[in-house]
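So the protein lines, in turn, are chains A and B. Using our numbering, you'd call the opening residue of the first sequence number 2 and step up by one each time. Using our numbering, you'd call the opening residue of the second sequence number 132 and step up by one each time.
The reader is advised that the hints may include incorrect statements.
[Claimed, not checked] Which residues of chain B face chain A? A few of them, derived with a C-beta cut under 8 Å, are:
(1) Arg196
(2) Thr197
(3) Asn206
(4) Val211
(5) Cys286
(6) Gly319
[Unchecked claim] Stretches of chain B that chain A covers, calculated by requiring three or more beta carbons in the stretch to come under 8 Å of a beta carbon on chain A:
(7) 212-223
(8) 233-246
(9) 301-313
Keep in mind the hints are simulated off the structure, nothing from the lab. Source: prediction; values computed, not measured. Note that beta-carbon positions come from the ideal geometry of N, C-alpha and C, so glycine has one too.
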Amino acid sequence: MSGKAGYHGKILNIDLSSGKSETMAIPREDLDLFVGGQGLGMKILWDRLKKPGVDPLSPDNLLIFMPGPFSGFPVPSSSRTCVVTKSPITAPLKSDYPHASTVTYSNMGGFFGPEIRFAGYDGLVVTGKARVLSYLVIDDGKVEIREATKFKGMRTDAFDKAFPAELGDRSFKTVYIGPAGENLVPYSSILHTAGRAAGRGGAGCVMGSKNLKAIAVRGSGQPGVADHARFLAALEKARSALYGTAYAKSWAEQGTARAIVGNSNAGTESVRNYREGTFPEADKIGGDAARRDVWVKDIACYCCPLACKKSGVTKGKYGGVVHDGPEYETGVMLGSNLMISDMPGLLKAITTLDDLGLDQISTGNVIGFLMEAYEKEMVDRKFLDGIDLKWGSVDATLAMIEKIAARDGVGRLAAKGVAALSRQIGQGSGKFAIQVKGLELAAHNIQANQPRGLSYATASRGACHMSGDNIPMQNRRAMLDSTGMCFFPTFEPALEEPMLALLSAITGREYDKAEFEKTGERIFNLEKMFNYREGFRREDDRLPDRFFEDAFTVGPRKGAVLDLAKFEAMLTQYYKDRGWDPETTKPGAAKLKELGLDLK
Amino acid sequence: MDEKESVPGEGMNLTRRDFLKGVGIGGGALVLFGQFGVHSAAWALSGEPALKMVLVDYAKCTGCRTCETACSSRNRPASVGGKEFPGLGNPRYANIRVHGFNPDVDVPVVCAMCADTPCVQACPVEPEPKTGRRALYRDPATRTIRNDVDRCLGCRSCAGACAAKRTGTITPNPETGKPERICTLCGGDPQCVKRCPFGAMSYSRSGVTGNSTASGLIK
Ligand code: SF4
Ligand code: SF4
Ligand code: SF4
Chain A
2 MSGKAGYHGK
12 ILNIDLSSGK
22 SETMAIPRED
32 LDLFVGGQGL
42 GMKILWDRLK
52 KPGVDPLSPD
62 NLLIFMPGPF
72 SGFPVPSSSR
82 TCVVTKSPIT
92 APLKSDYPHA
102 STVTYSNMGG
112 FFGPEIRFAG
122 YDGLVVTGKA
132 RVLSYLVIDD
142 GKVEIREATK
152 FKGMRTDAFD
162 KAFPAELGDR
172 SFKTVYIGPA
182 GENLVPYSSI
192 LHTAGRAAGR
202 GGAGCVMGSK
212 NLKAIAVRGS
222 GQPGVADHAR
232 FLAALEKARS
242 ALYGTAYAKS
252 WAEQGTARAI
262 VGNSNAGTES
272 VRNYREGTFP
282 EADKIGGDAA
292 RRDVWVKDIA
302 CYCCPLACKK
312 SGVTKGKYGG
322 VVHDGPEYET
332 GVMLGSNLMI
342 SDMPGLLKAI
352 TTLDDLGLDQ
362 ISTGNVIGFL
372 MEAYEKEMVD
382 RKFLDGIDLK
392 WGSVDATLAM
402 IEKIAARDGV
412 GRLAAKGVAA
422 LSRQIGQGSG
432 KFAIQVKGLE
442 LAAHNIQANQ
452 PRGLSYATAS
462 RGACHMSGDN
472 IPMQNRRAML
482 DSTGMCFFPT
492 FEPALEEPML
502 ALLSAITGRE
512 YDKAEFEKTG
522 ERIFNLEKMF
532 NYREGFRRED
542 DRLPDRFFED
552 AFTVGPRKGA
562 VLDLAKFEAM
572 LTQYYKDRGW
582 DPETTKPGAA
592 KLKELGLDLK
Chain B
132 MDEKESVPGE
142 GMNLTRRDFL
152 KGVGIGGGAL
162 VLFGQFGVHS
172 AAWALSGEPA
182 LKMVLVDYAK
192 CTGCRTCETA
202 CSSRNRPASV
212 GGKEFPGLGN
222 PRYANIRVHG
232 FNPDVDVPVV
242 CAMCADTPCV
252 QACPVEPEPK
262 TGRRALYRDP
272 ATRTIRNDVD
282 RCLGCRSCAG
292 ACAAKRTGTI
302 TPNPETGKPE
312 RICTLCGGDP
322 QCVKRCPFGA
332 MSYSRSGVTG
342 NSTASGLIK
């Protein structure tokens, strides 16, 4: 145990170009102000990408794996790792820099973050580019870059099975990319153990650009705590807030899949490329159906009492082992958004996407866009390489997925996302190219949910459903994703007080509700500073026209549509409340000073 | 990867195929081994006095590894400058180990407290005349397996026997070769059982509910 409060105080830098690695001290001030995870990752990116417009796929970009202060402790659900990098997907409408893009951060569960901390680091920063496809082994202080050419093109499930034998030991925790990441599909994901993924924002593409197939980490150490007695008492309380509760059991029962039927009934689901909010066949792909027909095992991440992840088996034409799903996002993006209601087919698509290492959300969105363009005869079958991309077709969806991952034929363009596709296709297709800043929207539809529209419009990484529907939520989320704890247990009100006590006891810095939120506000503002520097302005916080023009035609929220004037007024108020210039969205000097962000 | 290849490292000899056949979701029924079916039948048949031990229900295990953290926190707590910090410990040093497989199966492995103790049988140290103990012996009070570090040769025979015949729980210390990571039952208050969020473990009297043995898992 390092004996320091909450942190090791150092990160591991690995430069794949030179093959050298070294530890780097993190100033205590940065730990206090930016915490870990998303926040500390952002600070490192800000400090080290000094100039705007760095090409995300160049060796200069940083690929940052960040646990948080909770990581490495048996705190309930302290399983998360945040991958921070400069996005290969997003772009501003106008910029002085050809490679301008936002920051991106993608948060995954599992066991990787805690292991980074056991190995003695508060984070890993990968730069440069390996000469040939390689993998990285970190065993406490021992760091090795090894050739991975024999794994070239290997899908992630096969790799997950082969890699432990290559390493000679099952106790390593591993992350890896699939063919899509190797092929530099911008919305590629990074996979970790049984279908967990850092999916959004293209971290897998950046990893591919570095010629890095995988990372294995193992550690024998342990981070320390500032106040041992307080830690133990708060840990006891945190456990009893969740263990055996109806709340925890409901997660184990259905995970996020419960919302597939729930949100459809509420008219807030992405259906038919966001044309509708209700899917009449939602029950066929929902949690009850999956529990009945598919799921065999509930799976939990490190020290998590919720076990929201499921795996199972399907039968028939599309049958096989399913590592994960349907979850809400995957089930909707590949299900209702594509009008697919065949459960085994849906799960085949989900499994294939993980296997290839593609972001489920962006891919489902891209295919939905193409289905609509095909239906409207804006593209023909030749454009689609002969794929009959009709609504609801599982076979066509699977064929499209393979094309995208291989960047083959129509996949070359489709791999660039809906913004690029609609620019190419024209004919007014931008109206239903459902993206913000170049990142595709997720499984929450918004004609009947204006606050979620704010989240999509203003989130730092492009259209993110997780950012938060208002300022306090956004700030709390940015902070939570900096701690290493999962979002899902935090809906339990009884967890809040012990969670704050644990954070204080671990770090030695006193966090109450206000300080928690303030720290998140600082992190959110630094992200904004980064994006502003790249050239993102108010016109980039723009939702596609569909949401203001196409009222729902079915479901309980039939007729719902957003009002552009109201939405713009809400945005103006948002910038003012943020202390940003409502014209340009530039963060105001007073706000930055208040947050200690008057950097440089 | 060759399906029959042994699981490398961590002193575990179960093969992938054993698991996939038995409990893997690819292989069918998850509950093949029954509820809490580890070794209790062997005890019931052995004529030994009843004992309480940690039993795992594989069907309930989610692979969260809370049990590992609870065990190391108690039995191998982190320390700074000689001062120990109970409640903090790297799960890698736990006496219980959760082995994860693909397809998704998680198998917590803990000392099965075998009635016939192949580990003790394998110990080459002459029994002490007074107690009859080799360097590895069964504690008469708790029935756990213990190591007399002063007499232990560090020959790794016990670890070899356990790995070949039973759970492979014994891990020799990399420097001294002396056996480590054998369940202590935490002085009668097993932390793994207490902390498992999913009730996948019990601290049970043997021979009550069991219907198969750990050796049934092994070739
Ligand atoms: S704590 Fe329980 S559910 Fe979690 S790994 Fe251990 S036995 Fe399995
Ligand atoms: S150490 Fe191994 S052989 Fe000995 S009692 Fe335990 S499981 Fe059986
Ligand atoms: S009873 Fe105690 S020593 Fe044995 S495995 Fe459980 S926590 Fe570890």
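Structure-based check of all given hints:
1. Against a cut-off of 8 Å between C-beta atoms, the interface hint on B:Arg196 holds, since the closest Cβ of chain A lies about 6 Å away.
2. Proximity of B:Thr197 to chain A holds as hinted, the smallest CB-CB distance being about 5 Å (cut-off 8 Å).
3. The criterion of a C-beta within 8 Å of any C-beta in chain A is not met by B:Asn206, whose closest approach is roughly 14 Å, and the hint is violated.
4. Because the beta carbon of B:Val211 sits about 4 Å from the nearest beta carbon in chain A, less than 8 Å, this interface hint is met.
5. With a cut of 8 Å, the hint placing B:Cys286 at the interface with chain A is violated, because the nearest CB-to-CB distance is about 23 Å.
6. For B:Gly319, the interface hint is violated, since its Cβ never comes within 8 Å of a Cβ in chain A; the closest pair sits about 20 Å apart.
7. Figure legend: the stretch 212-223 of chain B, annotated as covered by chain A; annotation consistent (8 residues with Cβ-Cβ distances under 8 Å, at least 3 required).
8. Check on the stretch 233-246 of chain B: 5 of its residues sit with their Cβ under 8 Å from a Cβ of chain A, so the three-residue criterion for coverage holds.
9. Counting residues of the stretch 301-313 of chain B whose CB lies closer than 8 Å to any CB of chain A gives 0, which falls below the minimum of 3, so the coverage claim is violated.
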